[in-house]
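Chains as they are written, first to last, in the numbering used here: chain A, 8 to 131; chain B, 112 to 447.
Worth flagging that the hints you see were computed from the coordinates, not collected in a lab. It should be emphasised that the depicted structure is a prediction, and the values quoted were computed from it without experimental measurement. Glycine residues also receive a C-beta, built at the ideal position from the N, C-alpha and C atoms. Please note that a few of the clues may not be correct.
List time: in silico DSS-like cross-link candidates among lysine-lysine, alpha-carbon distance up to 27 Å [said to hold, decoys possible]:
id: 1; chain 1: B; residue 1: 211; chain 2: B; residue 2: 255
id: 2; chain 1: A; residue 1: 122; chain 2: A; residue 2: 100
id: 3; chain 1: B; residue 1: 147; chain 2: B; residue 2: 118
id: 4; chain 1: B; residue 1: 147; chain 2: B; residue 2: 442
id: 5; chain 1: A; residue 1: 100; chain 2: B; residue 2: 411
id: 6; chain 1: B; residue 1: 307; chain 2: B; residue 2: 255
id: 7; chain 1: A; residue 1: 111; chain 2: A; residue 2: 122
id: 8; chain 1: B; residue 1: 307; chain 2: A; residue 2: 122
id: 9; chain 1: A; residue 1: 111; chain 2: A; residue 2: 100
id: 10; chain 1: B; residue 1: 307; chain 2: A; residue 2: 111
id: 11; chain 1: B; residue 1: 442; chain 2: A; residue 2: 111
id: 12; chain 1: B; residue 1: 211; chain 2: B; residue 2: 147
Selected chain A positions facing chain B (Cβ under 7 Å, derived; list incomplete) [to be verified]:
id: 13; residue: 52
id: 14; residue: 53
id: 15; residue: 54
id: 16; residue: 71
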Amino acid sequence: MCKRIQKILISLTTALVLVIPLTATVIAMVPTAQAATETPAKGNYPPDAYVIRVDGLACPYCAYGIEKEFSTLDGTRSTDVNIEQGVVVVHVKPGTDWSAQTIKQTVNDAGFTLKRVVQRPQVH
Amino acid sequence: MLRRLAKSIGWIAAAAVGLGITLALIVWIAFIPSRKEPPYTLTATWGGPGNAPGQLNDPNGIAVRGNRVYVADSRNHRVQIFDRQGNYQGQIAVGTDGLKPSARPMNLNIAGGKLYVADYWNDVVQVYSLDGGAPTLIETLGSKASSPKGAHFRSPGGASALPNGDIVVADFYNQRVQILTPQGQLIHQIGKTGHKAYISGGGFNYPTDVAVNSSNGTIYVADGYNDRIQEFTPEGRFIRKWGGPFGMNIKGSFNGWFRTVTSVAVGPQGNVFAVDEENYRVQKFTPQGRFLTAFGTPSKGAGYTEEAVAVAADGTVYTTNLSTNQVQVWKPARSR
Numbered sequence: 008m009c010k011r012i013q014k015i016l017i018s019l020t021t022a023l024v025l026v027i028p029l030t031a032t033v034i035a036m037v038p039t040a041q042a043a044t045e046t047p048a049k050g051n052y053p054p055d056a057y058v059i060r061v062d063g064l065a066c067p068y069c070a071y072g073i074e075k076e077f078s079t080l081d082g083t084r085s086t087d088v089n090i091e092q093g094v095v096v097v098h099v100k101p102g103t104d105w106s107a108q109t110i111k112q113t114v115n116d117a118g119f120t121l122k123r124v125v126q127r128p129q130v131h
Numbered sequence: 112m113l114r115r116l117a118k119s120i121g122w123i124a125a126a127a128v129g130l131g132i133t134l135a136l137i138v139w140i141a142f143i144p145s146r147k148e149p150p151y152t153l154t155a156t157w158g159g160p161g162n163a164p165g166q167l168n169d170p171n172g173i174a175v176r177g178n179r180v181y182v183a184d185s186r187n188h189r190v191q192i193f194d195r196q197g198n199y200q201g202q203i204a205v206g207t208d209g210l211k212p213s214a215r216p217m218n219l220n221i222a223g224g225k226l227y228v229a230d231y232w233n234d235v236v237q238v239y240s241l242d243g244g245a246p247t248l249i250e251t252l253g254s255k256a257s258s259p260k261g262a263h264f265r266s267p268g269g270a271s272a273l274p275n276g277d278i279v280v281a282d283f284y285n286q287r288v289q290i291l292t293p294q295g296q297l298i299h300q301i302g303k304t305g306h307k308a309y310i311s312g313g314g315f316n317y318p319t320d321v322a323v324n325s326s327n328g329t330i331y332v333a334d335g336y337n338d339r340i341q342e343f344t345p346e347g348r349f350i351r352k353w354g355g356p357f358g359m360n361i362k363g364s365f366n367g368w369f370r371t372v373t374s375v376a377v378g379p380q381g382n383v384f385a386v387d388e389e390n391y392r393v394q395k396f397t398p399q400g401r402f403l404t405a406f407g408t409p410s411k412g413a414g415y416t417e418e419a420v421a422v423a424a425d426g427t428v429y430t431t432n433l434s435t436n437q438v439q440v441w442k443p444a445r446s447r
């Protein structure tokens with residue numbers, strides 16, 4: 008009986024010692040939760056803006072790329088990018104009406120993937 | 112019968128676990144180098160958010176020469192100049208002989224007495240002479256109006272020069288690195304225009320910066336979203352790559368691994384310093400890519416910290432901090 012317990016303990020200890028590097032490897036390779044933060048409630052967004060969610064934003068290069076692409080569209084006033092939340096807020100002039108395809112193409116041209124349009128401008 | 116079956120399954124499971132563990136150990140030993148030097152120590156900071164002289168808004172680039180530190184103050188559309196103690200000395204602003212309108216200066220590099228400013232917004236690289244007093248604009252490369260075909264940029268992230276004066280540009284959205292004559296004629300291109308390459312050397316996934324070893328012309332490229340550094344001869348021939356296992360776009364936070372490389376610089380001994388943005392640190396390597404040490408500023412939940420790096424002739428390291436909008440000064444631990 009005692010020998011069996013001893014065997015189990017040795018096995019468990021060995022497994023633990025060996026499993027730690029494996030676990031650490033897996034943890035280190037899993038991306039950090041940069042884009043997992045909560046998006047503010049819809050009502051908190053400015054009414055003059057398109058609000059879109061974008062996958063893959065990681066750094067100022069991404070933010071500026073998105074901002075630069077939207078600056079080429081008619082109607083754009085300014086663009087705010089929240090890298091951590093993956094949210095792009097494009098302030099537009101009254102009467103601006105972009106199709107879903109235009110938005111998707113603009114995001115694609117900047118090198119990213121459109122997740123969804125959260126809000127269209129509410130003031131015309 | 113059942114007992115025998117259970118025993119067999121047990122053996123198979125144990126063998127699978129054993130194999131997994133052995134593989135993990137191999138990865139651990141082969142691809143996770145230990146620290147060879149102590150981390151650098153943060154000795155000073157300056158700046159802060161704002162648009163007044165000395166304040167910064169998205170500092171995305173930094174370069175140092177003599178007693179001057181040049182900082183790309185991207186959202187304020189200017190390059191600010193400080194002395195090495197952080198005292199404001201002046202700026203390169205938007206203007207006829209300055210930056211172009213709406214400029215977004217990114218990584219800065221100094222080579223051969225010239226400052227190379229990559230303007231992400233206007234798709235140009237501007238070259239300033241640093242001899243004499245204030246920086247003087249020498250030329251603007253990459254604009255469609257004045258540059259030869261094939262030498263236009265799309266959001267350049269950084270530029271520098273070889274010892275012979277030829278210019279090297281990290282052409283971010285074009286997924287390439289270009290080597291140009293000082294007059295802007297294309298000599299050689301590394302990478303295929305507009306095509307991302309993830310695994311093999313000589314191709315890029317959004318290159319953000321370049322650095323040149325002034326003594327031998329070796330080119331180092333920050334291969335941004337491939338999470339690696341690539342090394343080339345002055346002629347553009349691929350030498351090696353590093354960052355994670357085999358430098359093949361595997362991200363991680365171990366020593367020598369990256370999560371988005373945004374800036375690269377060469378130190379006085381030829382060592383390579385690279386900003387590992389999403390791991391909130393700078394990593395230091397030998398000229399051949401062997402990991403030496405890492406240091407940085409943990410995030411306090413307000414965005415990324417280290418963004419750009421420069422190394423002075425005495426080995427002092429200067430970084431920009433995006434979350435605090437500051438310049439940071441780091442010294443090797445032994446010189447404290």
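*Ascending list of hint numbers which this structure does not respect*: When the structure is compared with the hints, numbers 3, 5, 11, 12, 13, 14 and 15 turn out to be violated.
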